[in-house]
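Same order as they appear, the protein sequences are chains A and B.
Heads up, the first sequence is in the working numbering, so the first residue is 2 and it goes up one at a time.
Heads up, the second sequence is in the working numbering, so the first residue is 414 and it goes up one at a time.
What the hints contain is simulated information worked out from the structure, not anything from laboratory work.
The hints are all genuine.
In silico BS3-like pairs for lysine-lysine, Cα to Cα no more than 25 angstroms straight-line:
#1 A/K192 <-> A/K143
#2 A/K299 <-> A/K282
#3 A/K192 <-> B/K590
#4 A/K81 <-> A/K143
#5 A/K143 <-> B/K590
#6 B/K668 <-> B/K463
Quick partial rundown of chain A residues pointing at chain B, CB under 10 angstroms, derived from the structure:
#7 I130
#8 A132
#9 R135
#10 M139
#11 N145
#12 P146
#13 F147
#14 T149
#15 G159
#16 G164
#17 R210
#18 P216
The C-beta atom is built at its ideal place from N, Cα and C for all residues, glycine as well.
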Amino acid sequence: MDSRNPTESAALTEPNPDPQLNPQTGSAAAGPTISVAGPNARASLRPSRAQGTIELRDLHAYYGRTHAVRGLDLAFAAGKVTAIIGPSGCGKSTMVRCINRMHEEIDGARAEGEVLLDGLDLYDPRIDIVAVRRAVGMVFQKPNPFPTMSIFDNVVSGLRLSGAPRGEIDDRGREALVAAGLWEEVKGRLKGPGVGLSGGQQQRLCIARALAVDPEVLLMDEPCSALDPVATLRIEELIGELKERVTIVIVTHNMQQAARVADTTVFMLDGELVEIGPTEKLFTTPDDERTEQYVTGKFG
Amino acid sequence: MSADPHTLLLDRGNLERRRRVNRAVEAVSIAAAVLAVAVLVIVVGSVFLKGVDALSWHFLTTPTALFGEAGGGISNAIIGSAIIVGIAAAMAIPVGILVAIHTTEFAPPQISHPVRFVLDILNGVPTIITGIFVFGLMVEGDKQSAFAASVALAIVMLPIVARTAQEVLALVPGSLKEAAHALGIARWRMTVRITIPTAAGGLITGSLLAVARVAGETAPIILLSSIVGQGNLTDPGEALASIPYFIFQASESPKPEAHTEAWAAALVLIAFVLALNVVARAFYARSRNRMGA
Numbered sequence: 002m003d004s005r006n007p008t009e010s011a012a013l014t015e016p017n018p019d020p021q022l023n024p025q026t027g028s029a030a031a032g033p034t035i036s037v038a039g040p041n042a043r044a045s046l047r048p049s050r051a052q053g054t055i056e057l058r059d060l061h062a063y064y065g066r067t068h069a070v071r072g073l074d075l076a077f078a079a080g081k082v083t084a085i086i087g088p089s090g091c092g093k094s095t096m097v098r099c100i101n102r103m104h105e106e107i108d109g110a111r112a113e114g115e116v117l118l119d120g121l122d123l124y125d126p127r128i129d130i131v132a133v134r135r136a137v138g139m140v141f142q143k144p145n146p147f148p149t150m151s152i153f154d155n156v157v158s159g160l161r162l163s164g165a166p167r168g169e170i171d172d173r174g175r176e177a178l179v180a181a182g183l184w185e186e187v188k189g190r191l192k193g194p195g196v197g198l199s200g201g202q203q204q205r206l207c208i209a210r211a212l213a214v215d216p217e218v219l220l221m222d223e224p225c226s227a228l229d230p231v232a233t234l235r236i237e238e239l240i241g242e243l244k245e246r247v248t249i250v251i252v253t254h255n256m257q258q259a260a261r262v263a264d265t266t267v268f269m270l271d272g273e274l275v276e277i278g279p280t281e282k283l284f285t286t287p288d289d290e291r292t293e294q295y296v297t298g299k300f301g
Numbered sequence: 414m415s416a417d418p419h420t421l422l423l424d425r426g427n428l429e430r431r432r433r434v435n436r437a438v439e440a441v442s443i444a445a446a447v448l449a450v451a452v453l454v455i456v457v458g459s460v461f462l463k464g465v466d467a468l469s470w471h472f473l474t475t476p477t478a479l480f481g482e483a484g485g486g487i488s489n490a491i492i493g494s495a496i497i498v499g500i501a502a503a504m505a506i507p508v509g510i511l512v513a514i515h516t517t518e519f520a521p522p523q524i525s526h527p528v529r530f531v532l533d534i535l536n537g538v539p540t541i542i543t544g545i546f547v548f549g550l551m552v553e554g555d556k557q558s559a560f561a562a563s564v565a566l567a568i569v570m571l572p573i574v575a576r577t578a579q580e581v582l583a584l585v586p587g588s589l590k591e592a593a594h595a596l597g598i599a600r601w602r603m604t605v606r607i608t609i610p611t612a613a614g615g616l617i618t619g620s621l622l623a624v625a626r627v628a629g630e631t632a633p634i635i636l637l638s639s640i641v642g643q644g645n646l647t648d649p650g651e652a653l654a655s656i657p658y659f660i661f662q663a664s665e666s667p668k669p670e671a672h673t674e675a676w677a678a679a680l681v682l683i684a685f686v687l688a689l690n691v692v693a694r695a696f697y698a699r700s701r702n703r704m705g706a
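Can you build the whole structure from these sequences, using the hints too?
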């Protein structure tokens, strides 16, 4: 039933030739290849600025005995937007949460298989989970700014609380606000409370907060589901601008949104991959019958 | 078929009985609520009426008269209570909050559930038993001291602080912790910089309620800090006067003036406890706003 586009898949999963990225080489000359806890963790996890490819290999995820994700093999191209669609409960969010290892924060939840960031297995026991989260940022369904912090403190919270050099913090915070398209709206009230913003602004604040730590990949789990159409449009435009700097994986229950923002779309059903392909193709001439039924509204 | 189409919607038969039961239950619950409020009003009111005459600036700022004479005040008892409760709070609040942080943020359920259970039991231990325990530990073979009383009160406070702190920390939205995790913030940093500030109002509330609860605690004080040397106002190494013990002693006195003084001291104590409760509520309201509850 594997109906993925074989050429695209091959292109995305091409092994990275740079030995620094490959933990299996073990060559001393290659320097530190796997991060361990410590200030250098981040540096060694992000070998090259232009990267940000995510590859899943036989990924399984469980909640206790429930088998939510059943053996996914797929890849997310660097610098592109990939949308994940599928009916409720098909494992979209669970899969995405495996990429930054947030899945295992839930009691009784575990994941098996490999998630490779630029060829580096994020589930390798030597990997520091905190470093994974810094390399793979996340934006959630409901905007969740920290209620005790000002707008600017929210943006730089990831930097400040992870020990970034003091001198950089202001600049990187401002830059993240500009990148999230929020600077013009909040520059006069950076010290105001983050929760005083509108829902859409709060969500862009959360995007700025995620961008400030300069991740390779940004996961967005239904980022517009709590927003009105205008705020949604604003976020969708932003996604188009941001793919220049980060790989974006967006879970959405809104197929029009997937069609508007994504370069590639993944359709999942019952924890399994049904189809991955260029967005236009998936919505117009899908290979799999179930994909066609879903995108034409016959179920889901 | 001449039935009025409204028949089915009219209040009769089953529906009428249901309504009567509903009214009866409502009336009983309102009565219970009124009774609870009435008890408080009667207690506070009678303490106020009986104590307000003896209450004066002189009463609050003068130490107790010697040899059970009337005409003195309770300044030494106020200072003593403040020292005893202050030391108890300084011991119990940090430990209680740390226990709560450990059980809600770090410990697995196999540890946090037994700890919670133990705290509930500790909360149910009669304070006279806590007092005897500390008596055997610190006073027997030595001498009474305000510090021993503080230790006993700290033991009484600890489960109150820890349990309320657990409840409040559990109210901090999981979405904030998720956001912190997703930013790659280490767990302890998240706890110190995000979870605790968000819950701060509620943590203060729990601590204030615990202080209010032990401020009037009498049984351990009688055992541990009641034989007060003349002239000792502030040394916690010796026994210190306290408001609850003053009330106890004055109400045992044969002199009617002493009884009035006991009521006045009771008024001071109850006013303090009520004020703490009001402040605690204000902090709690602030905290709830923050947590969107």
